[in-house]
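Number of protein chains: 2
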Amino acid sequence: MLFIVGFGAGGENGMTLEARQALEKSDVIAGYTVYAELLKSIFPHKEYFVTPMRKEKERCIWAIETAKQNKTVSLVCSGDSGVYGMASLVLELAKGEDLEIKIIPGVTAACSGAAVLGAPLSHDFAVISLSDLLTPWELIEKRIQYAAMGDFVICIYNPSSKKRADYLRRASEIVLQYQSPDTVCGYVRNIGRDGEEKRILSLKQLQEAHLDMFTTVYIGNSQTTVMDGRMVTPRGYLL
Amino acid sequence: MLFIVGFGAGGENGMTLEARQALEKSDVIAGYTVYAELLKSIFPHKEYFVTPMRKEKERCIWAIETAKQNKTVSLVCSGDSGVYGMASLVLELAKGEDLEIKIIPGVTAACSGAAVLGAPLSHDFAVISLSDLLTPWELIEKRIQYAAMGDFVICIYNPSSKKRADYLRRASEIVLQYQSPDTVCGYVRNIGRDGEEKRILSLKQLQEAHLDMFTTVYIGNSQTTVMDGRMVTPRGYLL
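Sequences listed follow chains H and Y, in order.
Going by full-length UniProt numbering, the residue at position 200 of the first sequence is 200; the numbering climbs one at a time, nothing skipped.
Going by full-length UniProt numbering, the residue at position 24 of the second sequence is 24; the numbering climbs one at a time, nothing skipped.
Read the hints as simulated data drawn from the structure, not as lab findings.
Check the hints yourself; a few may be wrong.
Intra- or inter-copy, both count: the list cannot distinguish identical chains.
[Unchecked claim] In silico EDC-like pairs for lysine to aspartate or glutamate, Cα to Cα no more than 16 angstroms straight-line:
1. Lys95 <-> Asp228
2. Lys102 <-> Asp228
3. Lys68 <-> Asp98
4. Lys71 <-> Glu100
5. Lys40 <-> Glu24
6. Lys71 <-> Asp27
7. Lys204 <-> Glu173
8. Lys68 <-> Glu97
9. Lys198 <-> Asp228
10. Lys71 <-> Glu24
11. Lys163 <-> Asp132
12. Lys198 <-> Asp212
13. Lys142 <-> Asp132
14. Lys40 <-> Asp27
These numbers come from a predicted model, not from an experiment.
Generate coordinates for the entire structure from the input sequences, incorporating the hints supplied.
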């Protein structure tokens, strides 16, 4: 049995009962180093299989092979198991295998970060990753452009890394072609973890911000506003 | 104290610990009739304030006024509290009030439905509601068009209602201008509840489908495929 578990932002509080039960039931928990450390504080007596970043494929193959040996394995993802998570990779690698796989969803960073900022995602939104490890940058740019043209709220995952220091600036510049420099934006770093930080800022300010990969970014639509220090996209009820 | 609680798909299993604790702590739980009934089976001894659909504003005002009288109130939303939830409306209505408001995120239908189908949301996606109660249909059409042009996976909330029987067909027709009729689509009805139903179908078939408002719809991107009966959007790891 292989569970692919989205465990939420990181703390015990953000985990669903279903995720918790899968982890409790598992013989071994497989995951990225940082996430395994978070889970060890909640489930200290479990066996862990830990691999660093960019070893996702090896981790998934290990999880599949171990589960095939009649072990119960949980492959863990922060946030949701589907949204930029391991679910698709496991399903690809396990294609045709006689193995029971259960995908357990979790609260993705778009939603947990939004709750920290206020309610930025109360209307139609697009989720875009700025990581070009697996996606051509041209396609990412095209998606940012169409999301801005459609006046979607845009939620950005993986806004930056050492190698991609200027990607958020380039993304902001694309949006600036279609939206006002005063567009309300926000970001949250380390959502639900120690050292959580948030900031609400303008699109013009976002262009100059230096953020890391543990940050989730929100670019409001034309209606997004600030109320009592919170980022709010009205749904339209009060119109 | 006012909690705005996203309680997930409906069952106890899909609720986070944080959501559960807020509900346990509350003097009264306010929500839409159907969701209150779901919660009564988990928290039978709570006081409930129940209003039907389209009474969202009245419900929020009641929750704010009651919380101001030193009561702990949870205003509940299925899925997430932000994504087409009550969080933005409450923040608008409570603007300037001296009231502690905590927004508790939950697993939104995009993620819980995706886990039922497989892994359709493993790459950039757009979330669009087809409800034109609060949004002009022209804007909804524009967003569908740009999402299709950007080759986003599209997740559709509120695909239909009695008054809007042909909206999903119209949405499908827009996507068909940019994507193949064989594009892999899927839908899930009553996610995580009794009577859960799912189906994977082509965009051409989706055009003719008759769905209700308890259904979440996924239109794949150009890379989305079917593997062992599951809808999968590859992230690109195996390329």
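(message) With identical chains, the pair Lys68 and Glu97 could be close in the same copy or across copies; at 16 angstroms between alpha carbons, which is it: within, between, both, or neither?
(response) within (9 angstroms within a copy, 57 angstroms between copies)
(message) Within, between, both or neither: how does the pair Lys163, Asp132 come out at a Cα-Cα threshold of 16 angstroms?
(response) Only inside one copy: Lys163 and Asp132 sit 10 angstroms apart there, 43 angstroms across copies, limit 16 angstroms.
(message) As a check of your reading, is Lys40 near Glu24 (CA-CA no more than 16 angstroms) within one copy, between copies, both or neither?
(response) This pair counts as within: shortest intra-copy Cα distance 12 angstroms, inter-copy 27 angstroms.
(message) Checking an output row: Lys204 and Glu173, CA cutoff 16 angstroms. Within, between, both or neither?
(response) within (9 angstroms within a copy, 37 angstroms between copies)
(message) Checking an output row: Lys71 and Glu24, CA cutoff 16 angstroms. Within, between, both or neither?
(response) within (13 angstroms within a copy, 36 angstroms between copies)
(request) Give the relationship of Lys40 and Asp27 under a CA distance limit of 16 angstroms: within one copy only, between copies only, both, or neither. (result) within (14 angstroms within a copy, 35 angstroms between copies)
(message) As a check of your reading, is Lys95 near Asp228 (CA-CA no more than 16 angstroms) within one copy, between copies, both or neither?
(response) Answer is between: at 6 angstroms across copies they meet the 16 angstroms cutoff, but 50 angstroms inside does not.
(request) Pop the pair Lys71 and Asp27 into one bin, within, between, both or neither, using alpha-carbon distances up to 16 angstroms. (result) within (6 angstroms within a copy, 44 angstroms between copies)
(request) Could you place Lys71 and Glu100 in one of the four classes (within, between, both, neither) given a Cα distance threshold of 16 angstroms? (result) So Lys71 and Glu100 pass the 16 angstroms test inside one copy only (11 angstroms; across, 47 angstroms).
(request) Indicate which option fits the pair Lys198, Asp228 if close means a Cα-Cα distance not exceeding 16 angstroms: within, between, both or neither. (result) within (15 angstroms within a copy, 42 angstroms between copies)
(message) Within, between, both or neither: how does the pair Lys142, Asp132 come out at a Cα-Cα threshold of 16 angstroms?
(response) within (13 angstroms within a copy, 27 angstroms between copies)
(message) Checking an output row: Lys198 and Asp212, CA cutoff 16 angstroms. Within, between, both or neither?
(response) within (13 angstroms within a copy, 38 angstroms between copies)
Hint compliance for this structure: every hint is met.
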